[in-house]
Structures are given as structure tokens and as C-alpha cells.
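When we follow UniProt numbering, the leftmost residue of the sequence shown carries the number 1, and every step to the right adds one.
No lab work stands behind these hints: they were computed from the structure. Please read these numbers as outputs of a predicted model, since none were measured by experiment. Possibly wrong hints are sitting among the right ones.
Stated by the list, open to error - Below, simulated EDC-like cross-link-like pairs (lysine to aspartate or glutamate); rule was C-alpha separation at most 20 Å, straight line: (1) Lys148 x Glu226; (2) Lys147 x Asp131; (3) Lys180 x Asp218; (4) Lys2 x Glu20.
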Amino acid sequence: MKPDVLVAYPLRPRQMEMLEKTYTVHRLDLLEGEAREAMLAEVGPRCTAMVVNGHVAIDDAFLARLPALKIAACSSAGFDQMDVAAMTRRCITLTNTSDVLLDDVADMALLLMLAARRRLVVGDRYVRSGDWGRKGMMPLTTSTSGKKAGIVGLGRIGLAIARRCEALGLTIGYYGRSKKAGNDYAYFDDPVKLAAWADILIVATPGGAETEKLISADVLDALGSEGSLVNISRGTVVDEPALIRALQEGRIASAGLDVYLNEPNPDPAFAALDNVVLYPHHASGTEETRDRMAQLVIDNLAAFFAGKPLLTPVN
Numbered sequence: 001m002k003p004d005v006l007v008a009y010p011l012r013p014r015q016m017e018m019l020e021k022t023y024t025v026h027r028l029d030l031l032e033g034e035a036r037e038a039m040l041a042e043v044g045p046r047c048t049a050m051v052v053n054g055h056v057a058i059d060d061a062f063l064a065r066l067p068a069l070k071i072a073a074c075s076s077a078g079f080d081q082m083d084v085a086a087m088t089r090r091c092i093t094l095t096n097t098s099d100v101l102l103d104d105v106a107d108m109a110l111l112l113m114l115a116a117r118r119r120l121v122v123g124d125r126y127v128r129s130g131d132w133g134r135k136g137m138m139p140l141t142t143s144t145s146g147k148k149a150g151i152v153g154l155g156r157i158g159l160a161i162a163r164r165c166e167a168l169g170l171t172i173g174y175y176g177r178s179k180k181a182g183n184d185y186a187y188f189d190d191p192v193k194l195a196a197w198a199d200i201l202i203v204a205t206p207g208g209a210e211t212e213k214l215i216s217a218d219v220l221d222a223l224g225s226e227g228s229l230v231n232i233s234r235g236t237v238v239d240e241p242a243l244i245r246a247l248q249e250g251r252i253a254s255a256g257l258d259v260y261l262n263e264p265n266p267d268p269a270f271a272a273l274d275n276v277v278l279y280p281h282h283a284s285g286t287e288e289t290r291d292r293m294a295q296l297v298i299d300n301l302a303a304f305f306a307g308k309p310l311l312t313p314v315n
């Protein structure tokens with residue numbers, strides 16, 4: 001008999017086909033309201049595995065509906081809406097896909113940094129509108145080479161960003177809970193100190209309660225009126241109202257954002273600003289990376305049911 005797998009968030013078509021060939025799949029993601037509750041009541045007690053994503057909130061009450069659950073395979077790197085402590089108490093292993101998206105997320109951090117500092121979106125609009133012909137050259141922008149990049153969170157993604165920044169001629173510093181071995185980057189034990197040192201602040205730390213509003217008004221003030229902020233982490237890490245005020249008042253020069261507090265409907269104040277570049281939480285959104293992320297879910301499930309070590313366990 002095939003194992004029962006609950007799908008709370010779909011994979012890509014090729015991997016969904018693989019999933020359905022191998023397991024008895026229950027598509028909770030396609031249901032709402034009473035139909036959703038009925039499926040949980042009927043199949044929840046026998047599902048040993050679940051496919052999820054960082055967009056899905058998983059709490060202890062939900063896990064109580066799945067008493068046989070042993071693995072939750074997440075198709076994203078982030079899992080800040082999931083109660084990992086509750087999973088651990090219930091002997092449920094969570095896996096994620098952090099490693100396979102490193103390059104695309106790091107690339108997006110640089111894209112946002114350069115686009116914000118060189119005012120790429122403004123320049124594009126300047127050409128399309130005909131202002132170039134009517135008004136002449138647009139105002140000068142700000143160079144990146146030779147500047148200092150402060151990275152908040154030197155994990156795997158942060159390190160990939162640092163190496164790309166080095167290639168552009170930036171000096172690297174970082175903030176984290178502890179100093180990281182294996183590099184000669186400047187270490188700061190306080191994000192305010194890092195921001196005061198840096199010209200560009202790039203946020204690459206995980207989300208969650210521990211990092212909520214880590215990038216505070218004080219950090220933004222320390223970054224200063226010529227500084228740029230890039231966030232490819234989570235919207236919760238930045239004090240968003242403080243960021244909006246800083247951009248409106250020119251207390252920082254620019255920002256490049258892939259993540260927001262309210263997704264998919266960010267604060268409309270951002271749309272009125274021409275010193276911020278906005279992207280729809282899509283840093284890992286390439287065909288190649290999303291395929292690898294979905295495949296890692298399949299591979300983790302295969303390892304679990306074969307009794308082999310999981311590829312990317314979180315807890």
C-alpha cells in the first residue's frame with residue numbers, strides 16, 4: 001500500500017506527477033472551508049508525510065489533526081510561519097530547501113542593490129516617457145564599487161552575497177550572533193554599528209521572533225542619508241513604517257526590497273516612492289531553482305520512506 005501524503009501546498013507539475021505516482025496524495029491545498037475540514041478528519045490520522053511551503057501557517061492545533069505525521073517537507077527555504085518547536089515535541093521532522101536557492105537569491109540581492117543605487121527603474125521610465133528627449137540627461141546616480149557593504153546574517157545566503165559583492169569591489173562587514181570563521185570580513189556585534197560603518201546594508205538573516213524589527217529606526221538613521229538598504233530576508237526583520245518614513249524624508253537614499261510585512265499587498269506608500277525598487281518576493285523565482293526546490297521535497301520524502309538520512313533536516 002502506498003503511504004499517505006497530505007499536500008498543503010503544491011509542487012511544480014513534474015514533481016506533483018512524481019508524487020502522485022509514488023504515494024496516495026491528498027490535495028488539501030485545493031480545498032477550503034468544510035471540504036478542507038472533512039479531508040483533515042478523514043485522512044489526517046493516517047498521513048505520515050506532508051508537503052508544505054513557507055506561506056502555509058502550521059501550528060500545534062493543526063498538527064494535532066495529523067497524529068501519524070513524521071515528516072513535513074517544505075518546498076521553500078523559509079518556515080517562519082511554522083511552529084518548529086511543536087513539530088519537534090511531536091517527533092515530526094521538518095525539511096527545507098535553503099541550499100538550492102543560494103545563487104538566485106544572492107543574485108537578486110545584487111540586482112536590487114545596483115538597481116536602487118543606479119535608479120534603474122527611474123531611468124527606464126525616463127526613456128519610455130520621452131523625458132530623455134525633452135529634458136536631456138537624467139540626474140546623476142551613486143556608484144557602488146569601492147563602497148562598504150554590511151551584511152546582516154552571514155549564513156549560506158549571506159556568504160554568497162558577500163562573495164558577489166567582493167567581485168564588484170566592495171569591502172565587506174557583517175553582523176551576526178557570533179563571529180564566523182573562515183573569512184576576514186569585519187565583524188560587528190550590533191546592527192547599528194554595522195549600519196554606521198556601511199554604505200549599503202543587505203538583510204539576509206532568517207525571519208521569526210528573534211529577528212523581528214532587527215532593522216529598526218536607529219539602524220536606518222545610522223545607515224544615513226547616502227545609504228541603501230536591501231532586504232531579501234523577511235518583511236518582519238525590518239521596521240517597515242520606519243523604513244517608509246526614512247525613504248520619504250531622505251534619511252536613507254534608497255532601498256531594494258523583495259519582501260514585505262503584508263504580502264501580496266505591500267503598504268501602498270512604497271508605490272509612491274521613486275527611491276525604492278520593488279520585487280514581488282520572487283528572489284528564487286527561476287525555472288531552474290524552483291525545479292530544484294520541488295525536487296528536493298521529492299528526494300527528502302524518498303529518503304524518509306527508505307529509512308535513509310534526510311537531505312536537509314531543520315530540526
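We went through each hint and held it up to the structure:
1. Restraint check: the Cα-Cα separation between Lys148 and Glu226 comes to about 12 Å, which is no more than 20 Å; the hinted pair holds.
2. Taking the CA atoms of Lys147 and Asp131, the gap is near 30 Å; set against the 20 Å cutoff, the hint is violated.
3. Of the pairs offered as hints, the one joining Lys180 and Asp218 is violated, with about 25 Å between alpha carbons and a cut-off of 20 Å exceeded.
4. Straight-line distance between C-alpha atoms of Lys2 and Glu20 comes to about 10 Å, which keeps the hinted pair within the 20 Å bound.
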